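Novice: Chain residues, written in single-letter form:
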Amino acid sequence: MKQKKPILKANKTLSMSSKTKEKISVIANNIKGKEFFPEKIALAKKTLSNLKTLPI
Amino acid sequence: MNNIPAYKTQLISNQSKIQYLFESNGINSIIKAIEYAPFKKQNGKTLYNLGFGDYDLSNKTITDDVNSNNGDMRKVFSTVLDTVPLFFKTHKDDAIWIQGSDSSNSFVDDCKKNCRKACDLNVVVCKNFNRRIKIYRYYINKNFTRLIKEYIIFGYTNEEKPNLIQYIPENEYIGVLIFKKK
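Residue numbers (the numbering used here), protein chains in the order written: chain E, 2 to 57; chain B, 22 to 203.
Honestly, the hints are just simulated from the structure, not real lab data. Just so you know, nobody snuck in bad clues.
Cut-off 16 Å, straight-line C-alpha distance, at most; resulting in silico cross-link-like pairs (EDC-like, lysine to aspartate or glutamate):
(1) E/Lys-24 to B/Asp-77
(2) E/Lys-5 to B/Glu-171
(3) B/Lys-29 to E/Glu-23
(4) E/Lys-35 to B/Asp-85
(5) E/Lys-13 to B/Asp-93
(6) B/Lys-81 to E/Glu-36
(7) B/Lys-148 to B/Asp-130
(8) E/Lys-10 to B/Glu-171
(9) E/Lys-47 to B/Asp-123
(10) E/Lys-6 to B/Glu-171
(11) B/Lys-202 to B/Asp-114
(12) E/Lys-33 to B/Asp-77
(13) B/Lys-38 to E/Glu-36
(14) E/Lys-35 to B/Asp-75
(15) E/Lys-24 to B/Asp-75
(16) E/Lys-35 to B/Asp-77
(17) B/Lys-61 to E/Glu-40
Listed next, with one range per pair, are the computed distances between beta-carbon atoms:
(18) E/Lys-35 to B/Asn-49: 21 to 27 Å
(19) E/Ser-16 to B/Asn-24: 15 to 21 Å
(20) B/Gly-47 to E/Asn-51: 38 to 44 Å
(21) B/Glu-171 to E/Ser-16: 26 to 32 Å
(22) B/Gly-92 to E/Thr-14: 17 to 23 Å
(23) B/Asn-179 to E/Lys-6: 30 to 36 Å
Given the structure is predicted, the values throughout are model-derived calculations rather than measurements. C-beta: ideal position from N, C-alpha, C; glycine also.
Between the sequences and the hints, there should be enough to build the whole structure, so can you do that?
Specialist: Right under this line is the structure:
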């Protein structure tokens with residue numbers, strides 16, 4: 002039986018050129034090991050700091 | 022299934038943080054980043070912050086506080102959504118937290134300083150406040166009945182006593198927490 006695709010999965014993926022792959026590879030090396038959004042993490046921690054238990 | 026095409030992403034880290042890069046091909050070519058970063062453990066589950074932003078070529082960092090207006094917002098948003106099923110494939114018990122960088126209390130004060138939207142400062146209305154989370158909420162509200170077949174969604178209220186409660190479409194939330202149904 003064919004498995005249903007998840008709702009959030011895009012039905013079409015646009016291809017990536019080899020030039021873009023190269024560019025991304027260079028950028029990936031530049032930002033290797035870094036946290037991208039430290040301010041967002043701080044905000045998330047602060048927002049949910051009073052959360053004692055999950056509702057699930 | 023999501024009918025909007027997504028850009029192909031490149032997984033660049035799959036360790037404690039999950040990071041992707043992709044190219045937005047709108048008016049300009051912009052390298053964008055998606056990150057799922059763990060920030061809290063609760064009840065044996067790890068909460069991951071979903072972050073998303075642009076790679077800044079000049080200082081080689083990722084920034085999430087600019088609106089690039091690249092003319093391909095739907096494709097970019099679809100690309101972010103496309104990574105969610107991938108996340109839950111390997112993190113079945115964990116959760117994704119979504120909150121915009123414009124949802125912090127300090128955002129309104131900072132925005133007021135350079136307000137270009139003619140907001141009524143006397144009644145403290147900031148048109149830019151919560152703009153990012155509104156995009157996610159709009160999508161959730163529109164697709165709610167389909168989404169709850171696969172996901173359990175909670176909204177974080179911004180009341181005097183903030184609380185994480187079951188998501189009800191059209192209600193106001195400053196953050197959203199998503200679990201995968203088993």
